Amino acid sequence: DTGVSQDPRHKITKRGQNVTFRCDPISEHNRLYWYRQTLGQGPEFLTYFQNEAQLEKSRLLSDRFSAERPKGSFSTLEIQRTEQGDSAMYLCASSILQGSYEQYFGPGTRLTVT
Amino acid sequence: SQQGEEDPQALSIQEGENATMNCSYKTSINNLQWYRQNSGRGLVHLILIRSNEREKHSGRLRVTLDTSKKSSSLLITASRAADTASYFCATDAPETSGSRLTFGEGTQLTVNP
Numbered sequence: 001d002t003g004v005s006q007d008p009r010h011k012i013t014k015r016g017q018n019v020t021f022r023c024d025p026i027s028e029h030n031r032l033y034w035y036r037q038t039l040g041q042g043p044e045f046l047t048y049f050q051n052e053a054q055l056e057k058s059r060l061l062s063d064r065f066s067a068e069r070p071k072g073s074f075s076t077l078e079i080q081r082t083e084q085g086d087s088a089m090y091l092c093a094s095s096i097l098q099g100s101y102e103q104y105f106g107p108g109t110r111l112t113v114t
Numbered sequence: 001s002q003q004g005e006e007d008p009q010a011l012s013i014q015e016g017e018n019a020t021m022n023c024s025y026k027t028s029i030n031n032l033q034w035y036r037q038n039s040g041r042g043l044v045h046l047i048l049i050r051s052n053e054r055e056k057h058s059g060r061l062r063v064t065l066d067t068s069k070k071s072s073s074l075l076i077t078a079s080r081a082a083d084t085a086s087y088f089c090a091t092d093a094p095e096t097s098g099s100r101l102t103f104g105e106g107t108q109l110t111v112n113p
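Same order as they appear, the protein sequences are chains L and A.
The letter at position 1 of the first sequence is residue 1 when you use our numbering, and the numbering goes up by one with no holes.
The letter at position 51 of the second sequence is residue 51 when you use our numbering, and the numbering goes up by one with no holes.
Hints in this document: simulated from the structure, not taken from any laboratory.
Computed from a predicted model, the values in this text were never measured in an experiment.
Hints should not be assumed to be uniformly reliable.
To be verified - Subject to a maximum C-alpha distance of 25 Å in a straight line, what follows is the list of computed DMTMM-like cross-link-like pairs (lysine to aspartate or glutamate): (1) Lys57(L) - Glu17(A); (2) Lys70(A) - Glu28(L); (3) Lys69(A) - Glu28(L); (4) Lys26(A) - Glu44(L); (5) Lys70(A) - Glu15(A); (6) Lys14(L) - Glu56(L); (7) Lys69(A) - Glu15(A); (8) Lys14(L) - Glu78(L); (9) Lys57(L) - Glu53(A).
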């Protein structure tokens, strides 16, 4: 399968714990995006990378959130000291740098904070 | 904050009927895209229309764009039960084109067999 993959698909954690999610984009895609989606809403942009550079971060991305893409391939999103309000689906997407604005989404990681 | 608003929020039709969903947005755009999301899954890109285009077709999909009204519509013809999903419009602004997409709240389409 050559689509975007995310791991894990589901994560249940207790409030205050740290969690880390991984995204593997389509191999030739330079851009990688993270979105958050709560029930009944559309996805909300969190951050994006062009190769290994993090070019934009949303104000939604508090200090407890950090994202990396160390070698311009896979990316990780870490949430420290999780809160119940962090419960959501975390979606990763990737796209080619030039010529196309279509974003290809992974299946998402559903986070439940208890 | 969400830029787009979809209308209706929910739509239920019979198989074979056409489904029309509308999207409005607030600021200037470079492109408008429509995505489909099956329950609990990721989003699938359906179609993209550029700001200088007025209509686009892809198979059973027809998208229109009216930049003067800041609105778009998605028409699915001859609907099938497999079309049951949530449909989202997404825009990117000229200054952030190729980066963030701003999604609407979606229309939940149910196609009854």
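Legend entry - In rising order, the numbers of the hints this structure does not comply with: 1, 2, 3, 5, 6, 7, 9
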